Amino acid sequence: MARPSFSYRTLAALILLAVLAVVCTSLGKWQLSRAAERDAIRASIDHGRSRAPLQLTADTPAQALAPWRAATAEGAWRPDLTVLLENRNYQGQPGYWVATPLLLQQPANTAVLVLRGWLPREALAVAGGSQQGQDASGLPPGASSSGTVRGALKTLTLPEGARLVQGELLQHVPRLFDLGEWGAGKHATHLPSALPLEDGSLPAVQNLEIKDYAAATGLTFIPIVLAQTAADRASGATVQANAARPSQDDPASQLHDTHAQHADTTADAVGAQATGPAANQAANSSLVYDWPTPSLDSDKNRGYALQWFGFATIAVIAWLVVAARALRRKKNS
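Taking the working numbering, I'd label the letters of the sequence shown as residues 3 to 335.
One or more of the hints may lead you astray.
[To be verified] Lysine to aspartate or glutamate pairs mimicking EDC-like chemistry, simulated, CA-CA at most 20 Å apart:
#: 1; residue 1: 31; residue 2: 301
#: 2; residue 1: 156; residue 2: 200
#: 3; residue 1: 31; residue 2: 41
#: 4; residue 1: 156; residue 2: 201
#: 5; residue 1: 213; residue 2: 41
#: 6; residue 1: 213; residue 2: 162
#: 7; residue 1: 31; residue 2: 201
#: 8; residue 1: 302; residue 2: 88
#: 9; residue 1: 213; residue 2: 82
#: 10; residue 1: 302; residue 2: 61
#: 11; residue 1: 156; residue 2: 61
#: 12; residue 1: 156; residue 2: 82
These are calculated hints, taken from the structure and not from any lab test. Computed from a prediction, not measured in an experiment: that's the story for all the values here.
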């Protein structure tokens, strides 16, 4: 019996090589789209940081709320409505992002959500009282239990009265992947339906959406987040030029220099008069203003795209070789 010119193995090889070429080409295009996304993010960051600093008010127009723009806000803190964002590590150290609303001048129920800084987990444990080791719940002081942190409210006290806060605008609170979102039920660290909590604890959540926060607090938030870049001051204090005003040569360089600063000694002294125990001052002065920025290395994506297109080219060449050999066998048969 004559051997068929196109065997099943040849046919399978052609199909496999064709699929491989299509998949590799698709992955190369996807990497190019990722590169374009990162270029767009870079352009957005450069555009926002090149604009003049903005004074946030309750009636600031939406078109002025450009992400990454330097901004200041004047108002009163609502520390009782503070939320802790857990699993926010910094340089390999576990900790929280501290989010607190700042009530703007007019109207009284309008606020801006301020990310006050990163706080190491042990700062809450040290300032949480005389407890050492584990309490009756079996958790160390400052640990999260059922989505709350005990004793955190009295630890993270804030000065009363009008305060001036400076920072950089973010479109939303940066999100972390939440395994609880895959489940059918409520995750243990979802935001409570009503704030503040009666026992003085603060909620600890994985992610925070402004609309959910507004529903829980009853406040009206302007549609932007202010990532604090320096210690807040009493209203009327002069804002440092290098923290709120970009330089002419490099619009972003001056602002970046403040991101890794801790609360300065002047703000600590003001806070010490208003908040009492020295341990509480230590917790607040432990706040770090070093906010992560998105990965902007689009060249890496283009390199990956070049590799995938190379694999696709190899698959196409292999397909042509297999097909040519099969046709040659057909002619010779």
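Cross-check of the supplied hints:
At roughly 14 Å between alpha-carbon atoms, residue 31 and residue 301 fall within 20 Å of each other, so this suggested pair holds. For the proposed pair residue 156 and residue 200, the alpha carbon gap of about 13 Å is at most 20 Å, so the pair holds. Annotation: proposed proximity of residue 31 to residue 41 holds, straight-line Cα distance about 15 Å (limit 20 Å). Taking the CA atoms of residue 156 and residue 201, the gap is about 11 Å. The hint holds against a cut of 20 Å.
A threshold of 20 Å between alpha carbons decides the hint, and for residue 213 with residue 41 the separation of about 29 Å lies outside it, so the pair is violated. Of the supplied pair hints, the one linking residue 213 and residue 162 is violated, its CA atoms being roughly 26 Å apart against a limit of 20 Å. Taking the CA atoms of residue 31 and residue 201, the gap is near 53 Å; set against the 20 Å cutoff, the hint is violated. For the hint linking residue 302 to residue 88, the alpha-carbon distance of about 30 Å lies beyond 20 Å, and the restraint is violated.
Taking the CA atoms of residue 213 and residue 82, the gap is about 18 Å. The hint holds against a cut of 20 Å. The straight-line distance between the Cα atoms of residue 302 and residue 61 is roughly 42 Å, outside the 20 Å bound, and the hint therefore fails. With a C-alpha separation of about 32 Å, the suggested pair residue 156 and residue 61 falls outside the 20 Å cut-off, and the hint is violated. A hinted pair counts as satisfied when its Cα atoms are at most 20 Å apart, and residue 156 with residue 82 qualifies at roughly 9 Å.
Of the hints listed earlier, those the structure fails to meet are numbers 5, 6, 7, 8, 10, 11, in rising order.
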